[in-house]
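Chemist: One-letter residues, chain by chain:
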Amino acid sequence: MLDLDPILTVLAWASLAAFAAGLGVLPRAVLGRLPRAVLGWGNALAAGLMLGVAFVLLTEGLPTGIGYGALGGALGVGVVLFTHALTGTAELDLNALDDLDPAYGYQVVLVNTLHAAWEGVAIGAAMLVSVPFGVSMAVALAIHNVPEAMVLTEILAGRGVRLTHAAALAVGANLNQVMMAVVTFAVVSAAPAALPWVVGLAVGALLQLLLSELLPESYHQAGHTSIALVALLAMGMVVAFHGATP
Amino acid sequence: MAALQGLPDVALVFVYALVTALATGLGAVPFYFVKTISERFVAYSNAIAAGLMAGASFGLVSEGSGHGRLETLGGAVLGVLFILGTQRVLGDHDEEELVFGAATGESARRMLLMLVVMTVHSFSEGVAVGVSFGGGMTLATLITVAIAIHNVPEGVAITAVMRPRGVSVTKCAGWSIVSSLPQPLMAVPAFLFVEAFRPALPWGLGFAAGAMLFMVLVELLPEAYHQGRRARVATLTTLSIISMVLFQRLL
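Chains as they are written, first to last, in our numbering: chain A, 9 to 254; chain B, -9 to 241.
One chain only, chain A, in its complex shape:
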């Protein structure tokens, strides 16, 4: 690997994760309208990867300060609930393909944008635990962004948005991931005592997001068994291949 300045390493890998979202238009471009079950498996794949990231952050990213980590986790849940309440999206169905209400389109993009910010916090925090660990989390979230953007594309395409524009919107919604990763890394580098709090914050937010946004609809789109298997397989991949902590 190139011997980059640490903050450039964060910038590079977080950017890779954000731009991976653009690949989410490919299934639609190649196959046309996607079957409901495929969207369900996409949601389950995204949820499972996120669950894997939350799992390794929680079990390996907190060698000390588990108490602060737990408080940070509760805080993360609280902030997600607050932003959902503020934007009126607490019970928003992200898969309502036939909802043509003008407000729905921007709400879905907004939810995806807020969602991506937390993944940035997770990448920044993981990079502080160790660089190989952070890189593997960024790769997991990059893969996660593809099925997530696939579902977003399906919504946008159904509303007449061109695929090139959908790809741009998907990447755009994920750009704050890059910003949050860099900011988290810079701020916590300067105040290392905050690391357990920030790891906890990311874990709480990631779990709350995947359990309230990704999983609930997936169970309506495909059979329970297939959803559980896809999610568990994705989680297992993250656990199997993640980089070492110091």
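If you're looking for bench data, these hints aren't it; they were derived computationally from the structure. Among the hints, erroneous ones may be present.
[Stated by the list, open to error] So these bits of chain B aren't anywhere near chain A, every CB distance computed over 12 Å:
1. A1
2. L16
3. S28
4. L132
5. S158
6. V168
7. L182
8. M205
[Said to hold, decoys possible] Reference excerpt, derived from the structure (chain A facing chain B, CB under 10 Å, subset only):
9. G56
10. A62
11. F63
12. V64
13. V85
14. L118
15. L217
16. L218
17. L237
18. A239
19. G244
Every residue, glycine too, gets a C-beta built ideally from N, C-alpha and C.
Place chain B on chain A using the hints.
Modeler: Quick look at chain B alone, frame taken from chain A:
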């Protein structure tokens, strides 16, 4: 506890697992005081049970990974296959039926299905208890307490399905305990298996984690989402996971 120390390990495993089974019966207790149990109450009990089980699985996976990461994952695959196989043997293909919960439809059939699912998943919990004794006393006590605690909302769930259909609270407690009886029965062979084949320990820990996580994803969460608000289900599950992991670390 002092009285238990003279017992051979196999008997101790049986007693611990029996305690977790009896704890399920406690789930019926709230129904003495609550006259009407809403579907949401059951949904949120499921969400808490899901979080505690997921948190316990996280502990099993990280414990197992210390002995071998890939073996643990191999065990998890076997755990999932075990649940799938058991569902198949029992002819339990009708997942959609279970989602609708207590309020509607052929009550007798639903009660039976509920009991079958809960009993099936107790097999993996029994394996978890037995295997955890192979992972050292701290983890064994922890997993026993964890499973005993999480059995309580399962008892609540079972009772919430049976009670509105005219089954007495005492009988609901009895059925809840019956659904957990595979725990002591499976705990002993699981314990013996781990002792005899120490290298298989990560496989065993992974097996229990895989089985438990799969149960969370295939049964508990979908049912919770069906009957409760998703944000609240997510919050209860997340906080239960974090509490469980915190509890494990501090113990």
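Chemist: Please go over all the hints and tell whether each is borne out by the structure.
Modeler: Okay, the hints, checked on the actual structure:
1. Every beta carbon of chain A lies more than 12 Å from that of B/A1, the smallest distance being close to 33 Å; the non-interface claim holds.
2. Separation of B/L16 from chain A is adequate, the least Cβ-Cβ distance of about 26 Å exceeding the 12 Å criterion.
3. Every CB of chain A is more than 12 Å from the CB of B/S28 (nearest about 18 Å), matching its label as outside the interface.
4. Non-interface status of B/L132 relative to chain A is upheld: no Cβ of that chain comes within 12 Å, the nearest being about 14 Å off.
5. No beta-carbon of chain A comes within 12 Å of the beta-carbon of B/S158; the shortest separation is about 32 Å.
6. With a minimum CB-CB distance of about 25 Å to chain A, B/V168 clears the 12 Å threshold, and the non-interface call stands.
7. Here B/L182 stays apart from chain A, with its beta-carbon at least about 27 Å from theirs, past the 12 Å limit.
8. At roughly 9 Å from the closest C-beta of chain A, the C-beta of B/M205 falls inside 12 Å, breaking its exclusion from the interface.
9. The interface hint given for A/G56 is met, as the beta carbon of that residue sits about 9 Å from the closest beta carbon of chain B, less than 10 Å.
10. Look at A/A62: its Cβ gets to within about 8 Å of chain B, closer than 10 Å, so that hint holds up.
11. Contact between A/F63 and chain B, as hinted, is supported at the beta carbon level, the nearest pair being about 6 Å apart and thus within 10 Å.
12. With a least beta-carbon distance of about 9 Å to chain B, the hint placing A/V64 at the interface is held under the 10 Å criterion.
13. The interface hint given for A/V85 holds, since its Cβ lies 5 Å from the closest Cβ of chain B, which is under the 10 Å cut-off.
14. Hint on A/L118 is violated. Least Cβ distance to chain B is approximately 16 Å, over the 10 Å limit.
15. Interface hint status for A/L217: upheld, as the beta-carbon distance to the closest one in chain B is roughly 8 Å, under 10 Å.
16. With a least beta-carbon distance of about 8 Å to chain B, the hint placing A/L218 at the interface is held under the 10 Å criterion.
17. The closest approach between the C-beta of A/L237 and any C-beta of chain B is roughly 7 Å, which is under the 10 Å cut-off, so the hint is satisfied.
18. For A/A239, the interface hint holds, since its Cβ comes within 10 Å of a Cβ in chain B; the closest pair sits about 6 Å apart.
19. For A/G244, the interface hint holds, since its Cβ comes within 10 Å of a Cβ in chain B; the closest pair sits about 5 Å apart.
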